[in-house]
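Student: Protein sequences appear in the order of chains D and P.
Under the working numbering, the first residue of the first sequence is numbered 1, with each subsequent residue one higher.
Under the working numbering, the first residue of the second sequence is numbered 1, with each subsequent residue one higher.
Because the hints were derived from the structure by calculation, they are not lab data.
A portion of the hints provided could be inaccurate.
No distinction is drawn between identical chains; accordingly, a pair holds when it is met within one copy or between any pair of copies.
[What the hints assert, rightly or not] Straight-line alpha carbon distances no greater than 20 Å define the calculated SDA-like cross-link-like pairs of lysine to any residue that follow:
hint, residue 1, residue 2
1, LYS104, ILE87
2, LYS43, PRO89
3, LYS104, PHE51
4, LYS64, PRO24
5, LYS43, ALA122
6, LYS43, SER131
7, LYS43, GLN124
8, LYS104, VAL83
9, LYS104, LEU54
10, LYS104, ALA119
Residues per chain, in single letters:
There are 2 protein chains.
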Amino acid sequence: MGENVEAKRLPRDRHSDLFHSECPARAVFDRITGRWAPLVLVKLAEGPMRFYELRDQIGRISEKVLSEKLRLLTRDGLVERTVEPTIPPRVSYALTETGHSVAKPLRQLMRWVADHGDAILAAQALHDERS
Amino acid sequence: MGENVEAKRLPRDRHSDLFHSECPARAVFDRITGRWAPLVLVKLAEGPMRFYELRDQIGRISEKVLSEKLRLLTRDGLVERTVEPTIPPRVSYALTETGHSVAKPLRQLMRWVADHGDAILAAQALHDERS
Numbered sequence: 001m002g003e004n005v006e007a008k009r010l011p012r013d014r015h016s017d018l019f020h021s022e023c024p025a026r027a028v029f030d031r032i033t034g035r036w037a038p039l040v041l042v043k044l045a046e047g048p049m050r051f052y053e054l055r056d057q058i059g060r061i062s063e064k065v066l067s068e069k070l071r072l073l074t075r076d077g078l079v080e081r082t083v084e085p086t087i088p089p090r091v092s093y094a095l096t097e098t099g100h101s102v103a104k105p106l107r108q109l110m111r112w113v114a115d116h117g118d119a120i121l122a123a124q125a126l127h128d129e130r131s
Numbered sequence: 001m002g003e004n005v006e007a008k009r010l011p012r013d014r015h016s017d018l019f020h021s022e023c024p025a026r027a028v029f030d031r032i033t034g035r036w037a038p039l040v041l042v043k044l045a046e047g048p049m050r051f052y053e054l055r056d057q058i059g060r061i062s063e064k065v066l067s068e069k070l071r072l073l074t075r076d077g078l079v080e081r082t083v084e085p086t087i088p089p090r091v092s093y094a095l096t097e098t099g100h101s102v103a104k105p106l107r108q109l110m111r112w113v114a115d116h117g118d119a120i121l122a123a124q125a126l127h128d129e130r131s
């Protein structure tokens with residue numbers, strides 16, 4: 001009986017091995033690196049923001065996509081939604097502690113892209129010229 | 001004339017501003033964070049590997065997807081394909097210097113997921129229970 005319950009849980013180490021095909025952390029990795037989420041997280045690391053402020057700071061994001069991303073990131077425990085009881089109510093979004101901790105490595109990755117983006121584009125152009 | 005040529009190039013600073021809607025670096029960011037590419041890059045950071053070695057180390061990746069990813073990462077200048085003139089020819093893949101430099105922040109992000117993946121999954125479960 002106890003054995004059956006155990007069998008339903010993944011071995012502890014698989015949670016932390018993204019290379020394992022059944023690793024549930026892969027979904028987490030896909031979420032935080034997926035389209036728009038890194039931009040939302042890194043922008044919110046600057047401080048709490050209201051919906052329209054955030055939209056204006058992330059070029060080309062649609063309101064529909066932004067509200068869906070905020071909903072998912074809130075569900076993930078990375079973003080916190082606060083409603084102040086003013087008239088009209090003032091809604092703002094902020095990173096949780098976990099959200100702040102992921103913004104750090106994401107920012108480093110963005111810095112890498114800023115530093116090496118041109119080299120990648122040049123490599124692509126060279127490759128296409130040759131083939 | 002010279003002005004027209006200039007007009008076709010994005011201002012230098014836009015290359016490094018992922019928040020700008022016309023930033024070409026966004027495509028680079030999407031590529032290195034996209035599905036499978038981070039796993040391929042971080043695995044190759046351990047050393048050069050042959051195609052089937054790499055496939056065996058990345059759970060659930062199909063041969064079709066792996067060869068397409070390797071083709072794109074080679075085009076990006078992040079991976080180098082070497083053919084040794086043996087019989088049969090021995091093909092191996094290795095990271096370039098640029099490839100090694102991106103594997104570092106990617107590994108940090110993966111470490112974050114390994115450390116916080118459980119917290120995210122717990123937050124999701126709690127959220128779903130409440131709503």
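Student: Which hint numbers doesn't this structure obey?
Tutor: 1, 2, 3, 4, 5, 6, 7, 8
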